[in-house]
Amino acid sequence: MQASPQDFAENPDQQDFLQPIDRTDRMIPAIEFRDVELSFDDKKILDGVSFEVRKGETKIILGRSGGGKSTIIRMILGLLKPDAGQILVDGEDITAYTEKEMMGVRQHIGMVFQEGALFDSLSVYENVAYRLHEQHIDEETVEKEVRRMLRFVDLEDAIDKMPIELSGGMRRRVGIARALVGDPTIVMFDEPTAGLDPPTARTICELAIKLRDLEDVSSIFVTHEMNNLDYLSSEYATVDDDGNVIFEEEGEKICMINTRVMMLRDGKIIFSGSDEELRRTEDPYILRFIRGK
Amino acid sequence: MNPLKKFLFELQEISILSFGALMALFTKPRYIPETIKQMDLVGVGSLPIVILTGFFTGGVLVLQTFPTLSYYSAQGQAGEAVATALVRELGPVLCALMVSGRIGSAISAELGSMVVSQQIDAMRALGTDPVRKLVAPRIFALILLLPLLTVAADVFGIIGGGVIASNIYNQDTNVFITSVRNGIETQDILGGIIKPVFFGLIIGGVSCYRGLSTRGGTVGVGLSTTSAVVQGSIAVIIFDFFLSKALQTILDLGRL
Ligand SMILES: Nc1ncnc2c1ncn2[C@@H]1O[C@H](COP(=O)(O)OP(=O)(O)O)[C@@H](O)[C@H]1O
Ligand SMILES: [Mg+2]
Numbered sequence: 429m430q431a432s433p434q435d436f437a438e439n440p441d442q443q444d445f446l447q448p449i450d451r452t453d454r455m456i457p458a459i460e461f462r463d464v465e466l467s468f469d470d471k472k473i474l475d476g477v478s479f480e481v482r483k484g485e486t487k488i489i490l491g492r493s494g495g496g497k498s499t500i501i502r503m504i505l506g507l508l509k510p511d512a513g514q515i516l517v518d519g520e521d522i523t524a525y526t527e528k529e530m531m532g533v534r535q536h537i538g539m540v541f542q543e544g545a546l547f548d549s550l551s552v553y554e555n556v557a558y559r560l561h562e563q564h565i566d567e568e569t570v571e572k573e574v575r576r577m578l579r580f581v582d583l584e585d586a587i588d589k590m591p592i593e594l595s596g597g598m599r600r601r602v603g604i605a606r607a608l609v610g611d612p613t614i615v616m617f618d619e620p621t622a623g624l625d626p627p628t629a630r631t632i633c634e635l636a637i638k639l640r641d642l643e644d645v646s647s648i649f650v651t652h653e654m655n656n657l658d659y660l661s662s663e664y665a666t667v668d669d670d671g672n673v674i675f676e677e678e679g680e681k682i683c684m685i686n687t688r689v690m691m692l693r694d695g696k697i698i699f700s701g702s703d704e705e706l707r708r709t710e711d712p713y714i715l716r717f718i719r720g721k
Numbered sequence: 013m014n015p016l017k018k019f020l021f022e023l024q025e026i027s028i029l030s031f032g033a034l035m036a037l038f039t040k041p042r043y044i045p046e047t048i049k050q051m052d053l054v055g056v057g058s059l060p061i062v063i064l065t066g067f068f069t070g071g072v073l074v075l076q077t078f079p080t081l082s083y084y085s086a087q088g089q090a091g092e093a094v095a096t097a098l099v100r101e102l103g104p105v106l107c108a109l110m111v112s113g114r115i116g117s118a119i120s121a122e123l124g125s126m127v128v129s130q131q132i133d134a135m136r137a138l139g140t141d142p143v144r145k146l147v148a149p150r151i152f153a154l155i156l157l158l159p160l161l162t163v164a165a166d167v168f169g170i171i172g173g174g175v176i177a178s179n180i181y182n183q184d185t186n187v188f189i190t191s192v193r194n195g196i197e198t199q200d201i202l203g204g205i206i207k208p209v210f211f212g213l214i215i216g217g218v219s220c221y222r223g224l225s226t227r228g229g230t231v232g233v234g235l236s237t238t239s240a241v242v243q244g245s246i247a248v249i250i251f252d253f254f255l256s257k258a259l260q261t262i263l264d265l266g267r268l
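Listed in order, the protein sequences are those of chains A and B.
Here the numbering used here is used: position 229 in the first sequence is 657, and no number is missing along the way.
Here the numbering used here is used: position 81 in the second sequence is 93, and no number is missing along the way.
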């Protein structure tokens with residue numbers, strides 16, 4: 429186990445000598461793209477994309493729809509192979525992995541799909557338990573884990589419902605619970621707040637913040653909603669004295685927020701950096717994107 | 013892609029998919045509950061329509077051939093005519109066409125909507141091979157149950173023929189039964205059971221491939237469903253010809 433982020437928050441300068449071994453391990457990026465290219469029917473979708481997501485970092489990917497954001501995520505899961513370039517997950521080059529080899533890599537990746545992608549024919553319980561059922565884990569353990577995950581997304585009441593009975597926001601949260609079973613070290617969100625009302629969207633961002641700050645998960649968060657970016661890059665989660673999770677605005681305290689932003693346009697990365705850098709940019713395309721006009 | 017290239021490509025993909033599914037049956041993990049569910053859908057679910065189809069086909073065969081047979085004073089052979097036609101050809105083919113319409117469409121629609129709602133991706137992301145979990149049980153159910161359904165169609169077809177012969181043409185039922193028994197041989201029955209095994213594989217392979225290769229949202233699901241039924245049915249009819257020829261040679265069937 430790595431030291432929890434609260435320890436870092438309280439003793440930001442102690443981590444070096446407290447965790448000397450971890451640091452070499454933490455230098456290896458959770459996800460790395462090297463010059464990845466992909467075309468569909470002569471149309472270049474990704475054109476020389478290189479980036480890395482460090483351990484414990486949340487990478488926000490911005491870009492127009494059809495810009496190739498979901499494609500990047502599908503590639504990390506090995507659902508799609510690049511035409512050229514390399515993809516590394518936890519330092520392992522997965523580019524040429526077979527479907528069978530990918531199954532091992534996918535074990536520690538959680539994926540939240542755009543519309544939730546719940547299995548219609550299975551109940552909420554069976555959806556969340558899917559991965560555990562596949563591993564033939566005994567039902568008692570499964571139920572405990574499913575309840576824990578549903579509590580995390582605050583949906584324990586819906587355990588016996590069918591996906592068709594859920595609202596869009598609930599489906600998305602069940603999708604998150606399903607992705608988090610088995611404590612993945614990498615979680616990817618594909619437009620998790622699209623089409624949701626602001627409070628529900630906020631709840632989903634809070635879940636992502638909790639994962640980043642309390643569970644030390646590396647994640648990719650695809651969105652085109654600027655308020656998602658605001659939440660993720662200005663707030664952090666800690667546990668107060670009573671054991672409740674609270675969200676605090678980044679203030680005078682040292683900036684601990686581990687979020688980076690990247691923007692795609694026509695298959696190329698046109699920006700990569702922190703949110704402050706994004707806001708300071710003078711690129712007219714990015715400005716238009718940020719301000720929406 | 014030009015049409016020929018596309019056809020060959022799809023043929024290759026369907027073959028790879030079917031082969032992969034068949035191989036998956038021999039290794040773990042197997043999805044037994046899913047397989048039983050599919051067997052219920054394919055077998056029990058299709059039984060009524062297959063029985064109806066068989067019964068009325070047998071009936072109409074007698075209805076149409078009896079006058080001609082009596083013209084040559086061969087009405088005693090009505091049973092043989094019906095039985096041979098049904099067991100060798102019409103039973104397997106009609107049954108496969110009915111199942112292609114009922115099950116092929118259901119499979120491609122179900123898999124297609126799973127593709128467009130990203131459930132297939134989710135399944136792979138959660139560590140399940142969709143070929144194992146979805147394709148193998150469906151193809152297995154079709155291969156196992158299509159021959160059984162064909163037997164049901166044959167039997168009810170012969171019964172239908174007998175009912176028409178005795179009720180409309182006043183033929184003695186014993187004459188009809190004797191003629192049936194004289195008419196069909198072991199090879200006929202064997203051939204009539206081997207054919208549907210292949211038809212099951214064809215229907216399963218085509219409809220699973222169509223479903224899994226669905227693109228373009230709900231409109232795409234409609235298109236794949238249509239092509240699954242059309243291509244599955246045509247493939248059955250074309251393959252039936254070559255299979256009949258092969259069986260003639262191998263089982264020494266249909267000599268003059
Ligand atoms: N399987 C596919 N076949 C052909 N084109 C595809 C396929 N998947 C995605 N595309 C195309 O790739 C582009 C990028 O898609 P996507 O990654 O889903 O965009 P985003 O998630 O940024 O909205 C789109 O133009 C889309 O039409
Ligand atoms: Mg997308």
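It cannot be assumed that every hint is accurate.
[Stated by the list, open to error] One side only, chain B facing chain A, incomplete, derived with CB under 8 Å:
hint, residue
1, E25
2, I28
3, G113
4, S129
5, Q131
6, D133
7, A134
8, R136
9, G139
10, T140
11, S178
[What the hints assert, rightly or not] Estimated spans, in silico, between C-beta atoms of each pair:
hint, chain 1, residue 1, chain 2, residue 2, range
12, B, G234, A, S493, 22 to 30 Å
13, A, D658, B, G229, 55 to 63 Å
14, A, D511, B, G234, 27 to 35 Å
15, B, K18, A, G532, 57 to 65 Å
16, B, G32, A, L715, 49 to 57 Å
17, A, Q535, B, G229, 29 to 37 Å
18, A, Q535, B, Q199, 49 to 57 Å
19, A, E705, B, G234, 45 to 53 Å
20, B, I44, A, D548, 42 to 50 Å
Note that these hints are calculated values from the structure, not bench results.
Backbone N, C-alpha and C fix where the C-beta goes; we use that ideal spot for every residue, glycine too.
task: Please flag the earlier hints that this structure goes against, numbers listed from lowest up.
output: 1, 2, 3, 11, 13, 15, 20
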